[in-house]
Amino acid sequence: MLQDVLTDVQGGTAGIGAEVVRGLASRGAQIVLLVHQPLTDPFFVDYIEDLRTQTGNELITAEYVDLTSLHSIRLFATKWVDNAPPRRLDMIILCANTMTPSGAKPTMTEDGLESTWGLNYVANFHLLSILSPALRAQPPDRDVRIIFGTCAAYLGGQLPDFDGKQSSAKAKKGAKLEPGQSDFTPTNVYATSKLALMTFAVAFQKHLSTYVRPDKKPMNARVIMVDPGWSRTPGMRRFLTLGSLWGLALYLVTYPFWWLVLKSPDQGAQTFLYAAMEAQYGRGEGSYFLKECRKVNWTRQEIEDEGLQKKLWESSSKTIVVLEKEGAKRRAVEKKEKEKTEGKSSAKEANGEAKQRKAK
Amino acid sequence: MSDTAAAISASESECRTVGACRRQKVDAQSRVMTPRASSAAADPVLASHRRSALLDLIPVPPTMPVNILAQAFNEGLSSIPLGWTVVKLAPVFAVLYLLKWFFNGAVNKSERNMHSKVVMVTVSWDD
Numbered sequence: 289m290l291q292d293v294l295t296d297v298q299g300g301t302a303g304i305g306a307e308v309v310r311g312l313a314s315r316g317a318q319i320v321l322l323v324h325q326p327l328t329d330p331f332f333v334d335y336i337e338d339l340r341t342q343t344g345n346e347l348i349t350a351e352y353v354d355l356t357s358l359h360s361i362r363l364f365a366t367k368w369v370d371n372a373p374p375r376r377l378d379m380i381i382l383c384a385n386t387m388t389p390s391g392a393k394p395t396m397t398e399d400g401l402e403s404t405w406g407l408n409y410v411a412n413f414h415l416l417s418i419l420s421p422a423l424r425a426q427p428p429d430r431d432v433r434i435i436f437g438t439c440a441a442y443l444g445g446q447l448p449d450f451d452g453k454q455s456s457a458k459a460k461k462g463a464k465l466e467p468g469q470s471d472f473t474p475t476n477v478y479a480t481s482k483l484a485l486m487t488f489a490v491a492f493q494k495h496l497s498t499y500v501r502p503d504k505k506p507m508n509a510r511v512i513m514v515d516p517g518w519s520r521t522p523g524m525r526r527f528l529t530l531g532s533l534w535g536l537a538l539y540l541v542t543y544p545f546w547w548l549v550l551k552s553p554d555q556g557a558q559t560f561l562y563a564a565m566e567a568q569y570g571r572g573e574g575s576y577f578l579k580e581c582r583k584v585n586w587t588r589q590e591i592e593d594e595g596l597q598k599k600l601w602e603s604s605s606k607t608i609v610v611l612e613k614e615g616a617k618r619r620a621v622e623k624k625e626k627e628k629t630e631g632k633s634s635a636k637e638a639n640g641e642a643k644q645r646k647a648k
Numbered sequence: 048m049s050d051t052a053a054a055i056s057a058s059e060s061e062c063r064t065v066g067a068c069r070r071q072k073v074d075a076q077s078r079v080m081t082p083r084a085s086s087a088a089a090d091p092v093l094a095s096h097r098r099s100a101l102l103d104l105i106p107v108p109p110t111m112p113v114n115i116l117a118q119a120f121n122e123g124l125s126s127i128p129l130g131w132t133v134v135k136l137a138p139v140f141a142v143l144y145l146l147k148w149f150f151n152g153a154v155n156k157s158e159r160n161m162h163s164k165v166v167m168v169t170v171s172w173d174d
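As given, the protein sequences belong to chains A and B, one line each in that order.
Position in the first sequence (first residue = 1) + 288 = the numbering used here.
Position in the second sequence (first residue = 1) + 47 = the numbering used here.
Everything labelled a hint here was simulated from the structure, so no lab data went into it.
Hints may be right or wrong, so weigh each one.
Only some residues are given here: those of chain B computed to face chain A with a beta carbon under 10 Å [claimed, not checked]: (1) Pro106; (2) Val134; (3) Lys135; (4) Glu158; (5) Ser163.
Here are a few chain B residues that sit away from chain A, every Cβ distance over 10 Å (derived from the structure) [stated by the list, open to error]: (6) Leu104; (7) Ile105; (8) Val107; (9) Pro108; (10) Asn114; (11) Glu122; (12) Leu124; (13) Ser126; (14) Pro138; (15) Phe140; (16) Gly152; (17) Ala153.
We put the CB at the ideal spot given by N, CA and C, even for glycine.
Here chain A stands alone, though its shape is the one from the complex (with noise of 0.2 Å):
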């Protein structure tokens, strides 16, 4: 419950994304923010009055997408993409990931994901698919980039043996996908997630410079990987507290030592900017990996494979494909029951409803 409130009023006020945002608003750039906070939270209000004062920029505004929720995601980009002639997109920055602090249970998504995996690649995947065409219809002279967030634990990820997976994969529900639901371990699955982001990054490059422009201009849209470090950030923090008062009460003792080995969210938020502003990363190939500022290689060459990039965009359309279908169906089957209970309360109303729309 406290926890519930807590998230509410902190939401986007702290962390390496609003410093990010901070950065490029007070450079000019009109910032979007996707939140999952009400957008009349009067404590986001106020946070998005401070960042437009702060920064003398008064073109930020805020979305809401729940990111834990693959409908959620699909209104809000189905609605982006629904727009003639299209909507302009310089940039888009996926900051926005979750880890489960050790020990603790893991949870799970609207959709019946692990939210690690959930929110970590499958939200950023599903956003991405279909935000693609917008991407895609940028005109030729403008620089698109699509900034993926990740970290250095990709380097213990561990993807799914997809094969095995497909043939046992008369499971309903793509969850099963998800690694490690048996033996659960949350730095693993983040890693994990983290490793499957990357390989659809370097997928989702592909996809976009495969694409053949009507106006057979060559692709715009470039994809960096940014390896932020390791900051003082409400996601780490509740890793190190391990989401307890106890561990909270440890780590104000113990801050001194955090405080002299972890970024600032300002100064994870550098590597970002850097990816956003430096000119090199808006010519050539893209797919570029970029760390303390400078392009460096992903030690992990799966990456690279094209095999299993293909294997992996391909189980993840298709665990988004059925988690969708049972979603739709679940919101159906409440919909109905809510009407029911409307309809025992009301009866007179919703049948007037009903007779009038049968009208129409």
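Let chain A serve as the given structure and place chain B on it in line with the hints.
Chain B alone, transformed into the frame defined by chain A:
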């Protein structure tokens, strides 16, 4: 005697620097202890003469950096208040600074005109 103390404390509350403080203290003492000096104190030439004469007897630590260094060089570190403490703490802070600099990582130096660019951002979930 209580008069002396009162005079000293009164003058102390007004003084700004160590030198000024000393001077005022000495003044107050001399005024109270030698009542006849009040007439002499009215004479500015005489008063300034006495003050400088008294001040020469009291060692005043240097307050400017170069003077402090000169004193450390001439008379040793222990002649400076907290001299050794400062010397011992300096490397600690230097190491702290270096560590902090190291762990802070690189700073972005690239700038680009971001005006009118539309940026979509998903922010961290764990806030």
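These are the hints, each one checked on the structure:
Against a cut-off of 10 Å between C-beta atoms, the interface hint on Pro106 (chain B) is violated, since the closest Cβ of chain A lies about 40 Å away. Interface restraint check: Val134 (chain B) against chain A, minimum CB-CB distance 23 Å, threshold 10 Å, status violated. The interface hint given for Lys135 (chain B) is broken, as the beta carbon of that residue sits about 19 Å from the closest beta carbon of chain A, more than 10 Å. Taking 10 Å as the C-beta cut-off, the interface hint given for Glu158 (chain B) holds, the closest approach to chain A being about 6 Å.
Look at Ser163 (chain B): its Cβ gets to within about 7 Å of chain A, closer than 10 Å, so that hint holds up. Chain A leaves Leu104 (chain B) outside its interface by the beta-carbon criterion, the shortest separation being 48 Å against a cut-off of 10 Å. The Cβ of Ile105 (chain B) sits about 43 Å from the closest Cβ of chain A, beyond the 10 Å cut-off, so the non-interface label holds. No Cβ of chain A approaches the Cβ of Val107 (chain B) within 10 Å, the least distance being about 39 Å, so the stated non-interface status holds.
The beta carbon of Pro108 (chain B) is kept farther than 10 Å from every beta carbon of chain A, the shortest such distance being approximately 33 Å. At roughly 36 Å, the least C-beta separation between Asn114 (chain B) and chain A is larger than 10 Å, which holds for a residue marked as non-interface. A cut-off of 10 Å between C-beta atoms confirms that Glu122 (chain B) is not in contact with chain A; the least separation is 37 Å. Listed as a non-interface residue, Leu124 (chain B) keeps its Cβ farther than 10 Å from every Cβ of chain A; the least gap is roughly 29 Å.
With a least beta-carbon separation of about 34 Å from chain A, Ser126 (chain B) lies farther than 10 Å from that chain, consistent with its non-interface assignment. With a least CB separation of 16 Å from chain A, Pro138 (chain B) remains clear of the 10 Å interface cut-off, as annotated. No Cβ of chain A comes within 10 Å of the Cβ of Phe140 (chain B); the nearest lies about 13 Å off, and the non-interface call holds. Listed as outside the interface, Gly152 (chain B) is inconsistent with that label: its C-beta sits roughly 5 Å from the nearest C-beta of chain A, within the 10 Å cut-off.
Non-interface call for Ala153 (chain B) relative to chain A: violated, since the shortest CB-CB distance, roughly 4 Å, does not exceed 10 Å.
In summary, the structure is inconsistent with hints 1, 2, 3, 16 and 17 from the numbered list given earlier, while agreeing with the others.
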